[in-house]
Amino acid sequence: DAGITQSPRHKVTETGTPVTLRCHQTENHRYMYWYRQDPGHGLRLIHYSYGVKDTDKGEVSDGYSVSRSKTEDFLLTLESATSSQTSVYFCAISVGGDGEAFFGQGTRLTVV
Amino acid sequence: KQEVTQIPAALSVPEGENLVLNCSFTDSAIYNLQWFRQDPGKGLTSLLLIQSSQREQTSGRLNASLDKSSGRSTLYIAASQPGDSATYLCAVRDNYGQNFVFGPGTRLSVLP
Numbered sequence: 016d017a018g019i020t021q022s023p024r025h026k027v028t029e030t031g032t033p034v035t036l037r038c039h040q041t042e043n044h045r046y047m048y049w050y051r052q053d054p055g056h057g058l059r060l061i062h063y064s065y066g067v068k069d070t071d072k073g074e075v076s077d078g079y080s081v082s083r084s085k086t087e088d089f090l091l092t093l094e095s096a097t098s099s100q101t102s103v104y105f106c107a108i109s110v111g112g113d114g115e116a117f118f119g120q121g122t123r124l125t126v127v
Numbered sequence: 003k004q005e006v007t008q009i010p011a012a013l014s015v016p017e018g019e020n021l022v023l024n025c026s027f028t029d030s031a032i033y034n035l036q037w038f039r040q041d042p043g044k045g046l047t048s049l050l051l052i053q054s055s056q057r058e059q060t061s062g063r064l065n066a067s068l069d070k071s072s073g074r075s076t077l078y079i080a081a082s083q084p085g086d087s088a089t090y091l092c093a094v095r096d097n098y099g100q101n102f103v104f105g106p107g108t109r110l111s112v113l114p
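Sequence order for the protein chains is A and B.
Heads up: the first sequence begins at 16 in this note's numbering, then just goes up one per residue.
Heads up: the second sequence begins at 3 in this note's numbering, then just goes up one per residue.
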């Protein structure tokens, strides 16, 4: 599993509240990613990071922010959760020069 | 913008059959292509990674090919088993960035 841990695994939250999801890796891989997966839309990139404090937006970044203060942790924050952000969120890393991607087990987020 | 499609969307076969899953992409300037499987409610498991300079990769009963010039990849599964039932996703990583673009997946059912 390439040592990727996502927390929490499940969360229910109310509309308008902030939510932070955590991705932790046990190695010092440079690239980390946050995706969301929705029926009919597949996997879409939210934000990614190419090093400590180095992040960039993906395809569906509106309403999300990220932070990476340590190599091993990549945090995704929903600033004010909305029902449209109900989804399964996956963290991924890219390993080595080959760039093989490995994924975490996902966080199922429900916004009510 | 890179777009990835997969055909068929769903496939049902009897156990023991050999089968082929298809992946197409619109921009041939890719860094690599990766095949994943996803079981219901689970994360993505990496199956095979093909670099842009390679033509194919093999792992056990799986063989993936890449024809970059035509924008196609195939995943061949030999002697299918019920345990192969899952959704299969392909993803391409382009030369311009470090992001992965996913296809919508093929849902495979192997019947005993």
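These aren't lab readings, by the way, just hints derived from the structure by calculation.
Even for Gly, the Cβ is constructed at its ideal location relative to N, Cα and C.
Hints are not guaranteed to be accurate.
[Unchecked claim] Which chain A residues stay away from chain B? Per the calculated CB distances, all over 12 angstroms, these:
| id | residue |
| --- | --- |
| 1 | T30 |
| 2 | D77 |
| 3 | E115 |
[Unchecked claim] If you want a taste of the chain B side facing chain A, the calculated C-beta under 8 angstroms gives, among others:
| id | residue |
| --- | --- |
| 4 | Y33 |
| 5 | K44 |
| 6 | L46 |
| 7 | S48 |
| 8 | A93 |
Taking the hints in turn, this is what the structure says about them:
1. Non-interface call for T30(A) relative to chain B: holds, since the shortest CB-CB distance, roughly 25 angstroms, exceeds 12 angstroms.
2. The claim that D77(A) lies off the interface holds: its Cβ sits roughly 17 angstroms from the closest Cβ of chain B, which is beyond the 12 angstroms cut-off.
3. The beta carbon of E115(A) sits about 5 angstroms from the closest Cβ of chain B, which is not more than 12 angstroms, so the claim that it is off the interface is violated.
4. Contact between Y33(B) and chain A, as hinted, is supported at the beta carbon level, the nearest pair being about 6 angstroms apart and thus within 8 angstroms.
5. For the restraint placing K44(B) at the interface with chain A, the shortest Cβ-Cβ distance is roughly 7 angstroms, inside the 8 angstroms limit, so the hint holds.
6. Below 8 angstroms, beta-carbon pairs count as interface contacts, and L46(B) has one with chain A at about 4 angstroms; its hint therefore holds.
7. Hint status for S48(B): holds, given a least beta-carbon distance of 6 angstroms to chain A, under 8 angstroms.
8. A cut of 8 angstroms between beta carbons decides the hint on A93(B): the least distance to chain A is about 7 angstroms, and the hint holds.
Violated hint: 3 only; the structure is consistent with all others.
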